[in-house]
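Chains as they are written, first to last, in our numbering: chain A, 2 to 727; chain B, 2 to 727.
To be clear, the hints were calculated from the coordinates, so they are not data collected in a lab.
All values derive from a computational prediction rather than experimental measurement.
All C-beta atoms, glycine included, are put in the ideal place defined by N, C-alpha and C.
Be careful, since some hints might not be right.
[Said to hold, decoys possible] Computed spacing ranges between beta-carbons, pair by pair: (1) A:T357 / B:L631: 13 to 23 Å; (2) B:A626 / A:N98: 49 to 59 Å; (3) A:F615 / B:A626: 24 to 34 Å.
[To be verified] Not everything, but these chain A residues come out facing chain B in the computed CB check (under 10 Å): (4) C57; (5) Y85; (6) T267; (7) F386; (8) E645.
Protein chains: 2
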Amino acid sequence: MASHNNTLHDNFDVDYVITYRFADTTKAEASRNFQDLVQALARVGLAIEVRNGENCSLLIFVKVTSDDRLNNAVYRSRVKDWLYGIRPAQPDRETQNSLTNQPLTEAERYRIVHHLITGPKEEGNAGIIPIHGQWKNVESIFPLHDHTFNKEWIKKWATVTFLKVEDLDEIRNRFGEKVAYYFAFTQSYFAFLIFPAAFGFSSWVLLGHFSSIYAIVNCLWSVVFIEYWKRQEVDLGVRWGVKGVSAIQEKRREFQHEKEIKDPITGETLQVFPATKRLYRQLLQLPFAVLASLALGVIIATCFGIEIFLSEVYSGPFKSILVFLPTLMLTALVPTITTILTEIATRLNDYENWETTDAYDSAMTQKIFILNFITSYLPVFLTAFVYVPFGSLIVPYLDIFQLTARPFAGNEKQLATPKSGFTINPARLRKQVIYFAVTAQIVNFAMETIVPYLKRQGFHKYQELKTERAAKKGGAAPNAAANDLPEEAQFLARVRSEAELDVYDVSTDLREMVVQFGYLTLFSVVWPVTAVSFLINNWVELRSDAVKICVEMQRPTPHRADSIGPWLDSLGFLTWIGSISTAALVYLFSNDGLGPDGTPADIKGWALLLTIFFSEHIYLVVCLAVRLALSKMDSPGMQKAHAERFMVRKRYFEESFGEDAMELPPPMDREKITRSSLEEEARQGSVRSSTPQDHFWLRQRSWEESAKIGAGLIEKMAPAETKKHQ
Amino acid sequence: MASHNNTLHDNFDVDYVITYRFADTTKAEASRNFQDLVQALARVGLAIEVRNGENCSLLIFVKVTSDDRLNNAVYRSRVKDWLYGIRPAQPDRETQNSLTNQPLTEAERYRIVHHLITGPKEEGNAGIIPIHGQWKNVESIFPLHDHTFNKEWIKKWATVTFLKVEDLDEIRNRFGEKVAYYFAFTQSYFAFLIFPAAFGFSSWVLLGHFSSIYAIVNCLWSVVFIEYWKRQEVDLGVRWGVKGVSAIQEKRREFQHEKEIKDPITGETLQVFPATKRLYRQLLQLPFAVLASLALGVIIATCFGIEIFLSEVYSGPFKSILVFLPTLMLTALVPTITTILTEIATRLNDYENWETTDAYDSAMTQKIFILNFITSYLPVFLTAFVYVPFGSLIVPYLDIFQLTARPFAGNEKQLATPKSGFTINPARLRKQVIYFAVTAQIVNFAMETIVPYLKRQGFHKYQELKTERAAKKGGAAPNAAANDLPEEAQFLARVRSEAELDVYDVSTDLREMVVQFGYLTLFSVVWPVTAVSFLINNWVELRSDAVKICVEMQRPTPHRADSIGPWLDSLGFLTWIGSISTAALVYLFSNDGLGPDGTPADIKGWALLLTIFFSEHIYLVVCLAVRLALSKMDSPGMQKAHAERFMVRKRYFEESFGEDAMELPPPMDREKITRSSLEEEARQGSVRSSTPQDHFWLRQRSWEESAKIGAGLIEKMAPAETKKHQ
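All chains should be modelled from the sequences, with the hints used to inform the complete structure.
Dropping the structure here:
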């Protein structure tokens, strides 16, 4: 516990801070409710201190009082893990021994204490779920940042390019496996990117765009990367002792059962919601997918049409300004529609009434992925597979967008679409891919790090100004920090600011990486340098994410996980689609490496489809082969898992059967019996029971007799040749 | 044990019979070897009786002498199962209790005794592997048929159409899970066939051939069937307590390790063969696949060409006889080449040096499947996708086959291929499918049941004749039955005849079913009545297989399994290919339901490929959807598995933490402390240790104090609105 004291020194040993907000409640109710809360916390053995929070809130500091209590909870959790097959070996029956053998990491401690606070009452926890039912005033429950560690961590990362597995261990020990898996994934992805970055750059220089060699190598690389990562996941799971942890499912509080049934075998009362009913509800996803595709598709296609009209048809004044109109429309409309659709998706997901948090998250991830797929890739798909091949056919119909430029046009001619002779802009596709590969990444980075920083600074300034003005007027709410004790003041100020930070959601960051991976598999053949841009971006991304966790977000509560979850399927799906889209792009535009030339007249449908057919099936076969090959290879994780299981079995067998269990019994105990006793026995036997079986089995009295008789038979029956041979 | 005695009455309680053949060994060596064998058997606690066998062989009868010995072996096996996660609950520590709770099935007994005889010496077994190393004289080890049961079983099956799960349990209890899984699969398949049989017949009557509706329904049906069976496998695995049994791997005796390494963690000595080296060796499969495809493909294509030449070009004499020439060639050549290729495949498989029996079998199954795929489906593929669409192009070049008919031709004109105006025979494809769906099934059935019967009868007659003639001459080898005791004579005669029977190999029967399933998914759209034929065939097949096991084969040694193994993948593969081939067939030949008309001129390549593309991807999506939907459904097996796991956890938690582990600790143990003692403590505390933490945590002494202070803060900080509200 000594190290624990040292590292947490700044935090006064606080395990968790609970913010209690009473702005919308009457005083009496708030007090009563607060008393219940404090009592519930005390009941599970937590020490409590209350302080003032900002804006009608209280900060409740809790820590575990007794080591026994904590150790017992840890032991219970470990036994549970063992029973669910996550730990190969049963934890030592003595709690203290068990903890000495395998000391508690910080993340484990935080996880256990969090479970103590939020876990179900029936299992002896406090059952406090923020903003839910009885605890609607509890706003959040969060641990405090360890600023000493954070500073060192960020400093280290600034100087090191490749994270070692020990660095990942460090993240896991601090922030839990879920966050660690994100960093491990991004790190693996970053390291793997070096190859396509180098190869892509060379092929860009040597082979130009739309090189089929680059396409094949890139697709192969994606397959290998995904299969490698799957393996890496398992390895890390073994290393961190979380393999199979998804088997422990926590019930969602929001789950509404339809009926309660008593299990006939176990007598357990089960709250069930019929799977068929959920399946019917899931069918609503189909109209939702259609709706989302239509809504986003129409917007994107319209803006796309307007853009082409303005940039390539329109020739009137203000062209250079008007050209930005569709981009503006997109920037305004797509996030709005996405927000609405996400809201609908959440409602749908709620309505599907999932029983466990994992299932809920997984279903939600799928829906979010569909939305992201449309918003991220549809524009490029439109350019590649609609604009370029069919541009000359479509452009004449674009005069419906005259509306957008009519007020500015000098004469009708400037708005007229060319009836013939229109040539598409061959650079458009490349420009678009470069936009998504470079510009969008930078914009994203800015949105993610700089904007929140400015926002926070502004907010602080605003608060200060407000307080000052209120102080001048004298009638304002009392300052939260007014009564702070001097030795606590600095600490409390820090806690108050941490309480206002956002909660870190690792799936947002993962989504970003997956979407980025999609550009690489789907479109990088257009501009092979894509991977270089991503490589640079991800170096920054990894570090900025670390900073984000340390500075801009509340310290995340550690959660366990044994994979990056359903995003893995998304990665596989993107590679698959990539094998189709890349083949199509190469066939359509591979014009001696010059890129699309706007003369797609000599494209043959059957040849395009045949290219796709082969590409896709080769992808599938390669995928299978790589998976098979990797599954045959040994890895440190698998070796460790095997060794652990072996040890458990060995120990158990030694305990149960003793070291000598394998010893053979002494042969021939019948030998000691004398001839006469045998005869006596046989006589008695034939009197006592004279079943045919007994007769049969008593003919030969011992194995020696059998051997002798056998030898006799061999002598008699052996073929004549053998006789001669002797 | 009473029932055991009754049912085995006829078999004199014999557990296993070992045949020892000494025809090729000198007498001295045979005797010495025999003594070793008998000693090894006695050493593991088996009672032994030796009798004469046919043709220079001995029959060694063994049974387990002591119940303790057997029970101990059973207990060890069950503990091992538990440690490998196959049994959810640890077997009762008392062996006898464990056996009373879960009595021994006949199959389990036979399996345990078999392991006692053949299992590795290091684990306390006899280590006798037939025809291997030291035991090259041991020809076979087999249990004896239970004729009473067999008779009843076959009688029951003759009257019952649908097997209930209890019937499958019966098979499992007698012949072990591996055989039971085959019957369970065939039974499920049979039951599922009723739908396509009914639907196929109606669609044949109403929609004609090549109906796209039939194609879609048939493909959907295949997907549902396979997914249903996967689930059924799991359910049966739970029911029979074998789920996950494939985790227990038995090392192959033939495995040759490259080096021995000592595991650094466990200290276990591991015999390893590098996985990469095996991968390289596996690459040899590629040239093998090419060779096999070429060899079989050339033969099949040649015969096919000759057949078309003779039946549709040649017009000379003997045409009606010559037409059978290619069929004869096929019948003679294909099995020969297949045998050679199977031999090569076995060598390859041996060379791959698999470590476990399961891995070896699985790799072999894959190779066999490839061979079967070519021989079974290539002829139809050739007709459908080469002859019909390109017939008119190819036929003019068929004069290379003039050779086959030249000796009989009256004049050159009879041999000349028409330079134009040739029309293909549109009925050829249908005829071929009907041949494979009906004729081949009947031929197969005859080959499988009637031919071996006749062979056996002939062999017996031949033996009798030989013995008679030898007896007349007087100089022959002595008759094996000459010295039999009268009360044993009948029994020994039966055992001698059983010793001569073949060993039952369930994978041959499974392969037959898989190949049949392939015709259904790949080609049944040509002739939708296919399923009706298969339905009838499989009713007979199930029964004839039962008869085969009981009469024509040695009783199989029970083996455990938790699935039908790699054949499952083959089924999935066939459905996948089916989605492609069916779509292509429908597009090519769907001529208003009239079938191919030999005018494929208006076939468009892109349309064909687009049809295939959509069909395949719809198949993949449907496959995923069905899998997802089924995985959400509850099933008896999964309920049982869940209940079992729940009981284990509950029991363990109750044992470890007691029934009251969930009880809450008494709140507020600080309350009893008086005010003065608190102050004293605080003073002393500040003397003893005055860290900031202590100060922080001692401000509020109990949860009541925290609650009170919190209430005060709420009173002070609450917003004005709330005050008005009161």
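Hints versus structure:
1. A:T357 / B:L631: 13 to 23 Å: Taking Cβ atoms as reference, T357 (chain A) and L631 (chain B) lie about 19 Å apart, which means the hint holds.
2. B:A626 / A:N98: 49 to 59 Å: The hint (49 to 59 Å, Cβ to Cβ) holds, given that A626 (chain B) and N98 (chain A) are roughly 50 Å apart.
3. A:F615 / B:A626: 24 to 34 Å: Cβ of F615 (chain A) to Cβ of A626 (chain B): about 26 Å, so the range 24 to 34 Å holds.
4. C57: Holds: closest Cβ of chain B sits about 6 Å from C57 (chain A), inside 10 Å.
5. Y85: Y85 (chain A) check passes; min Cβ-Cβ to chain B is 8 Å, inside 10 Å.
6. T267: holds (5 Å)
7. F386: Interface hint status for F386 (chain A): violated (14 Å vs cutoff 10 Å).
8. E645: Holds - the Cβ of E645 (chain A) comes within 10 Å of chain B, reaching about 8 Å at its closest.
The earlier numbered hint that this structure contradicts is number 7, and it is the only one.
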